[in-house]
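Peer 1: So you can see what is in the structure, the chains are spelled out below.
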Amino acid sequence: MKTAADLGVISCPLCELVMRSPDGDADCPRCGGFLPRVSRRGLTRCWALVIAAAALYVPANVLPMMNTEQFPIRRSDTILSGIKFLWSEGSWELAALVFAASILVPLTKLIVLGFLLVTSSRRSTWRPRVRTKLYRALEAIGHWSMLDVFVVSLLTAVVQLGRFASVEPGPAVLPFASVVVLTMLASASFDPRTIWVKS
Amino acid sequence: MTELAVCAYCGAVHRRADLPGRTTARCVRCDAPLYHSTTEVSSMLGVAVIATAAFAIANAFPLITLTASGHQSRATLWAAIMASYNYRLPVVAAGLALTLIVAPLVELALLLWVLVPLSLRVRPPGFRFVMRAMAVLRPWRLVEVFLLGVIIAIVKLSGLATAVLGWGAFGITVMAIAMASLGSFDQGVLWRRAEEAR
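Top to bottom, those sequences are chains V and P.
Under my numbering, the first residue of the first sequence is numbered 1, with each subsequent residue one higher.
Under my numbering, the first residue of the second sequence is numbered 1, with each subsequent residue one higher.
Just chain P, with the same shape it has in the complex:
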């Protein structure tokens, strides 16, 4: 039954076909995406490494620097989370930490855990658990929304003082693009590679 693809949205059954280039097969009944064209594990690994480096930059450098009448203040990713905590909003702070640091960090670590052995044709330890954990975390990673938040914050600040984007904002931008691109890769290739490696 490996030649079949079932639509997750309406249950329609399709026969799989090889897709050219980077394209997506869609359900004939409800038009939802069915599966993406297959990709190399090594290109997924490349994008994951870029995303990890960008995540490090996003955490290490300020997102925004503000200067007004001799005073200067900076906002890092961590400071944005702690700001809510300091104003007695620990639940909001925990939510921010989950969506901006924990979910992307754990997802990237698990992704590398899977991609490095698979690119060497070795089955990663705990493969099934890791794949399930990534699926649980994925909806809670909101880096791309945060990127738009940085842009809006800069515009709101421009009336108040001199606000400048920092290297952290560059890191967030690259990471958002890299993670979006990883989402358009075919996940099925990981399962097939893991079964071959066994």
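Excised from the complex, chain V in its bound form:
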């Protein structure tokens, strides 16, 4: 098994052109995109984004996500109480789906990114294949956490029935959306090839 580094070649991440490695930083001759070498610099940026996302994860879950008024009842729902409400309304399948997208996915992303960062920083040789699969799983599921933000904006738009009923977004919407965007940026700034760098 030869790697690109062994053969002195590099592959453009955008157009997949394979060429001899240039000396220093260079752009791809075919598409003009930047050719990143295996770089540990991204690890620092990834740490910063993970820490920022972890801090915002708290208000995102503690503050109300949605305020509902259905005369004469007013209720204020956090992410978790909204899931409980969906569960008690009889749709446990969808409640499970929202729980996975809104609670499990962001938490898993933070924990797994932290784990990948620690192992890559220490040049760990522990199961690189498993770690690469974890990284690909993060890339695949990350954006699904935006689900609850979309649901709240749809409900706000449609439930405007005068005095009868109304829905408004709560203060958790912005921190919650920020967690999703920050973790997406974090996983994009992690170079999975650092998993495979020989010690």
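Worth flagging that the hints you see were computed from the coordinates, not collected in a lab.
The beta carbon of each residue, even a glycine, is placed where N, CA and C say it ideally should be.
All the given hints hold, so there is nothing to weed out.
Anything over 10 angstroms on all C-beta distances counts as not near chain V; from chain P, calculated:
| hint | residue |
| --- | --- |
| 1 | 18 |
| 2 | 49 |
| 3 | 59 |
| 4 | 110 |
| 5 | 121 |
| 6 | 122 |
| 7 | 123 |
| 8 | 137 |
| 9 | 170 |
| 10 | 174 |
| 11 | 177 |
| 12 | 180 |
| 13 | 181 |
| 14 | 182 |
One side only, chain P facing chain V, incomplete, derived with CB under 8 angstroms:
| hint | residue |
| --- | --- |
| 15 | 8 |
| 16 | 79 |
| 17 | 139 |
| 18 | 145 |
We have chain V; now place chain P onto it with these hints.
Peer 2: Chain P only, in chain V's frame:
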């Protein structure tokens, strides 16, 4: 070196082989997808046209219609974005506009910009820039997540009033499927065609 494929995830080097049907080559070391079997530009163009039509429908018609005690209200894609803006969440509204309208609209326009000339064997103007712009936008298009959001919203509303899916929801569904299918096409064919056309 055109016969080589390097894994983007672990750097392992492979010799390219012709793939049968619609299949994907995977890295022998880390199992990540390497490249897809080659496809015709014309079939990509067909799917892109379907996605564009579906996007127009998703924007023109209501997603959900709600009826309760004589009142009726509708939510379009645009209204869902403006709702956040009206509740003093301009940043969230901008994010929604980016992920649901701007990213898919620009991506589809650029895709047609590339696919129409390439299917006529002409190199599209600004080809390199357009291909890079599409790669930047792609992660921020969240139409398929929004589709699931529409379904959850309908279920949450069913306890409150009579909620019905509109034609806009149909548009979102078709678009999500078409865009997912475009993602499984081999992008390399566009680069090869553009080089032949030069």
